[in-house]
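Sequences are here, hints too, so could you generate the full structure?
Chains as they are written, first to last, in this note's numbering: chain A, 1 to 332; chain B, 1 to 177.
It cannot be assumed that every hint is accurate.
On the chain B side, residues computed to face chain A include the following (Cβ under 7 Å) [what the hints assert, rightly or not]:
id, residue
1, P17
2, L60
3, T67
4, L79
5, S80
6, L84
7, W146
8, G149
Some chain A residues close to chain B (C-beta under 8 Å, calculated; not the full set) [said to hold, decoys possible]:
id, residue
9, P3
10, P104
11, N108
The calculated lysine to aspartate or glutamate pairs, modelled on EDC-like cross-linking and capped at a C-alpha distance of 20 Å, are [unchecked claim]:
id, chain 1, residue 1, chain 2, residue 2
12, B, K73, A, D60
13, B, K73, B, E100
14, B, K73, B, E30
15, B, K56, A, E44
16, B, K73, B, E142
17, B, K73, B, D145
Calculated from the structure, these hints are not laboratory results. Every residue gets a Cβ at the ideal spot worked out from N, C-alpha and C, and that includes glycine.
What follows is each chain in one-letter form.
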Amino acid sequence: MHPFTLERPRDLSTALALGAQAGRTDATAEYIAGGTDMVQLLQEYVRRPDRLVSLSGLLDNRIDIGAQGLRLGAAATMAEVAAHTAVAEQFPVISEALLNSASPQVRNQATMGGNLLQRTRCPYFRDVGYSACNKREPGSGCAAIGGENRWHAVLGTSENCIAAHASDLAVALVALDAAIEIHSASGQRTVPLADLYRLPDSTPHMETVLEPGEVIAAISVPASPVARRSHYLKVRDRASFEFALVSAAVALEMDGPRIRQARIALGGVGAKPWRVPRVEAALAGADLNPSTLRGAAALAAESAQGRGGNNFKVQLMQRAIVRGVEIAGART
Amino acid sequence: MSTVISPAAAQDGFSMPAPLQVMLRVNGTEHRLSLDPRTTLLDALREHLHLTGSKKGCGLGQCGACTVLLDGKRVKSCLSLAALVEGREITTIEGLAQGEELHPLQAAFIDRDAFQCGYCTSGQIMAGVACINEGHAGSPQEIRDWMSGNLCRCGAYDHIVAAIQDAARATRSVQRG
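Here you go:
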């Protein structure tokens, strides 16, 4: 690891005043919470901040469910949220996304806020032995374009970066229109989770809209008739402890045999968690007939661009949508 | 006082960061250490407390050889900075036996011959103890799923699963009295 000073503030206002920033290659100070991603990045010299600011003990880990919906304190661990019976009952897509993420150990350590801010698993980003990575070193190029890109995104990419977003949780939350509560020294603001993430465009080294001194303090998921009949389908190379090649978070409100409304987000295929509004619109009023579902799912692929190794994802994500809708639709 | 410069630090042209005073509570004993902020919990255990039962496999959270319990929950000690777990209750493989009496899962690993080279074993046992305590050892399939954070490159998985099943049964029968 590059040498850093480690700040262990006693209260949140001190931590915020220290002005660290997440998801930015040019940040010289970063926050650390559960540490499961940050320590990997430090060990591999992918991140070399001069200063780390610990958020340990400064944010709450409460899990509250009420008529308004669900609120998750940013310090709640993945395991705590996954094990919460009311979350599993009323927001199954969230529990399923968490239980299918990482390993039991990491789920005991990693927090909600940190999960949303984990960096991409692009092997070129993670290996400083490769010089070309615009996300790690702006202007250096993209080794994944024309390289090994089986794991990479097909939606929302640019000629500068084709990295896929890695969080399963974020995909489930984006499907449910979650918002994040951001705290800073000057107050707080609420942002839809979908808007937290920037697309790479010409600045893949700027991943989020968080400013220096801003931290995610909580996640809110509005109550919705689609939340209960929801499912997280994850397709991956191993049955456990593996990132998604393709995933689909599906939430449905049914009207007898017909879909009244659908919310669908995809993982493993986008530069950020990827909502598919055209698919959702095509499914409104539709039945669960396989050919109807296939026709709707095809709309997800319209702007998809394979880069060789990941061409298979364009088909696979459509099939994941179909199967995810079938499974969610069969739930009572 | 001599100044130690690590190769990486020297290469970067930076001197060592100031050490932090850290209190670690390991297997019921408090230790006061002066640590470089970069010290992981695993390195603090192995290099500073000489508790070398926890193993360093990958150092990146992938293999599970470094698994310890933090406040009773299994974690990968290579992914925690030691200074950020100050004061929390850490249990390592060295703290599992009661004197000369092995923990039931340690005994089951011997009975089932659940290892070859042994490098992953302490991590497997710590994760297995947690797996049983969490109630995730009901079937071989469930054990495999909940033990997926621990790799064994010798491939002793069948015996590891059997050992965890044995210990889970023993634990349940003790609980029933």
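Outcome of the hint check:
Taken as an interface hint, B/P17 checks out: its beta carbon lies about 5 Å from the nearest beta carbon of chain A, inside 7 Å. The interface hint given for B/L60 is met, as the beta carbon of that residue sits about 5 Å from the closest beta carbon of chain A, less than 7 Å. A distance limit of 7 Å between C-beta atoms decides the matter here; for B/T67 the minimum to chain A is near 6 Å, and the interface restraint holds. Given the 7 Å rule on beta carbons, the hint for B/L79 holds: about 5 Å separates it from the nearest Cβ of chain A.
Residue-level restraint check for B/S80 holds (minimum Cβ-Cβ distance to chain A is 6 Å; threshold 7 Å). The restraint placing B/L84 at the interface with chain A holds, with a minimum CB-CB distance near 5 Å, inside the 7 Å limit. With a cut of 7 Å, the hint placing B/W146 at the interface with chain A holds, because the nearest CB-to-CB distance is about 6 Å. A cut of 7 Å between beta carbons decides the hint on B/G149: the least distance to chain A is about 3 Å, and the hint holds.
Hint status for A/P3: holds, given a least beta-carbon distance of 5 Å to chain B, under 8 Å. Evaluation of the A/P104 hint against chain B yields a held restraint, the C-beta minimum of about 5 Å falling below 8 Å. Proximity of A/N108 to chain B holds as hinted, the smallest CB-CB distance being about 4 Å (cut-off 8 Å). This hinted pair checks out: B/K73 and A/D60 have alpha carbons roughly 19 Å apart, not beyond 20 Å.
With a C-alpha separation of about 24 Å, the suggested pair B/K73 and B/E100 falls outside the 20 Å cut-off, and the hint is violated. Of the pairs offered as hints, the one joining B/K73 and B/E30 holds, with about 19 Å between alpha carbons and a cut-off of 20 Å not exceeded. Simply put, B/K56 and A/E44 have alpha-carbon atoms about 15 Å apart, close enough for the 20 Å limit, and the pair holds. The hinted pair formed by B/K73 and B/E142 meets the criterion: a straight-line CA distance of about 18 Å does not exceed 20 Å.
For the hint linking B/K73 to B/D145, the alpha-carbon distance of about 17 Å falls within 20 Å, and the restraint holds.
Going through the hint list in order, the structure does not satisfy hint 13, though it satisfies all others.
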